[in-house]
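Visitor: Respectively, the protein sequence lines represent chains G and R.
Take -7 as the starting number for the first sequence in my numbering and just add one per residue.
Take 751 as the starting number for the second sequence in my numbering and just add one per residue.
All clues stand as given, with none of them false.
In the DSS-like style, the derived pairs of lysine-lysine whose C-alpha atoms are separated by at most 25 angstroms in a straight line are:
1. K1206(R) <-> K1041(R)
2. K772(R) <-> K88(G)
3. K21(G) <-> K772(R)
4. K87(G) <-> K772(R)
5. K88(G) <-> K21(G)
Simulated from the structure, these hints should not be mistaken for laboratory data.
On a predicted model such as this, the values are computed, not experimentally measured, just so you know.
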Amino acid sequence: MPSDMLPLYLVGLYVLVLSIFVGYEVISKVPPLLHTPLMSGTNAISGITLVGAVVAAGHSNEVFASVIGFLAVVAGTINVVGGYMVTDRMLRMFKKR
Amino acid sequence: MYPYTLDLIYLVTSVMFIIGIKMLSTPAAATRGNYLSAIAMLVTVGVTLVTSQIVDWVTIWAGVAVGTAIGIVASRMVQMTAMPQMVALYNGFGGLASALVALSEYDRQHAALTPYLTSVILLSLIVGNVTFTGSVVAYAKLQELMPGRPMLFRGQHWINLILLLVTLGGGAYMTAYDPLVWNWFFALGAIALVLGVLVVIPIGGADMPVVIALLNSYSGIAVSFTGFVLNNNVLIIAGSLVGASGIFLTNAMCVAMNRSVWNVLFGGFGQTAPAGAGAAAGPGGDIGAVKAYTIEDAVNVFESAQSVIFVPGYGMAAAQAQHAVRDLADHLQQAGLNVRYAIHPVAGRMPGHMNVLLAEANVPYDLLCDMEQINDDFKNTDVAVVVGANDVVNPAANDDPGSPIYGMPILNVEQTRTVMVLKRSMNPGFAGIENALFLRDNTMMLFGDAKATLTKLAEALKHR
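Sequences and hints are given; from them, build the entire structure.
Guide: Structure (structure tokens):
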């Protein structure tokens, strides 16, 4: 029998497995024409670790935590900002006859 | 704030990410899809900031400012030909961010470490670090800061296997017995950094599309693990989307090369030409003399042609010849010829690389054809112009069972009436294999820098 209160990590596991399937389905519809922007666009999405990075940078005033957090925010922001902007730049180049 | 509001907003932004990717299915909607995804990102990070207990805003804004500045400059300056290494580098930053967040959480939640939390923190750290150094090596190879050929040494695979087992075994031990020991944590992180270097150095330049796709997927997996660390579903979802995208592209690239992902990762492909393979010009064919043709000869062929298919390869990117291709195509179109482009899935150094380059040169995307779309049309086409492509047009893939690329789907350029091959010299391609196409009777070799040859062709056509 399933327990009435699922532990959080099991909920997470459900979410993980199901979204891998969703992701694979959605992505398999993207034509080879756009595979480079697909790659850089999903790449930008992986910068969502920024959510963890801002907490890492801001949760305390200790030097160690601040330095690690600062570096994490820089890396995450480069990933997000650079990723979306370069994807946009590429997508704008695709024009019809 | 109502306790579940944050999670409900995360649900909305997760859906926005999925729809954003879905909109990449057509070029017309793709730009808006990318905006949608970017807005989802902004909202997700924004609501996290306002709902977390932040005591140090300065560090956050400083980091955001530095990261934004670097991101803007890098994405504006990068040349389209250098896109593979740019994406490799962004992958690396994604992995690094995950690893640093793991480090920070290990510190922040030190007193509350459970075996579960320790294990997901370590997984996030290890996958993040492997992604980071692996991407840096891929970047260095693509940027030619280090040799692109596979770097192999004796016992390499055993060392990698042992390091992997040490990392996993050490992680399991630490989780079970010593979760609080910092030295364990740093040692595991360091081994993962070394592992990232070692797994990418044996892979050759021509296999980089697979590696970049795979590292893309790793960076997503690292994000998902971070999601488990932070108990945050939007990270788990976003991470799995990226992971799935990387897996899909890795698989697509491997199918396009008729090789397994294991063969790509451990094969050391392209280091040496296997003895005997490709030495003969296909079964029953003698090695004929390669005959060089002139611009005049080529122009004469164009004059009696009605249809042309351009076949770009990495050489086009290396010579920055995409604009010259477009120029020549314009002249041919003005002369009434039907011009199209055939794009092999693994042409170039990342999936879709050729499409981006030609789009940059203002080639309309409806003229860019996938292999399946166009492969049956070569036999009804007058001229195929091969610009810096080699292995993807090598007929040995069809008819030489001894060739290392035997079985790989290729573009059927040899079926066109005349094949023009623009090539710097007779050096074999990245797989190190001779190409019998160059010796066929219907092939015209035009030696020299691809860009210069294309420009001369366009000039000569103009003066007719």
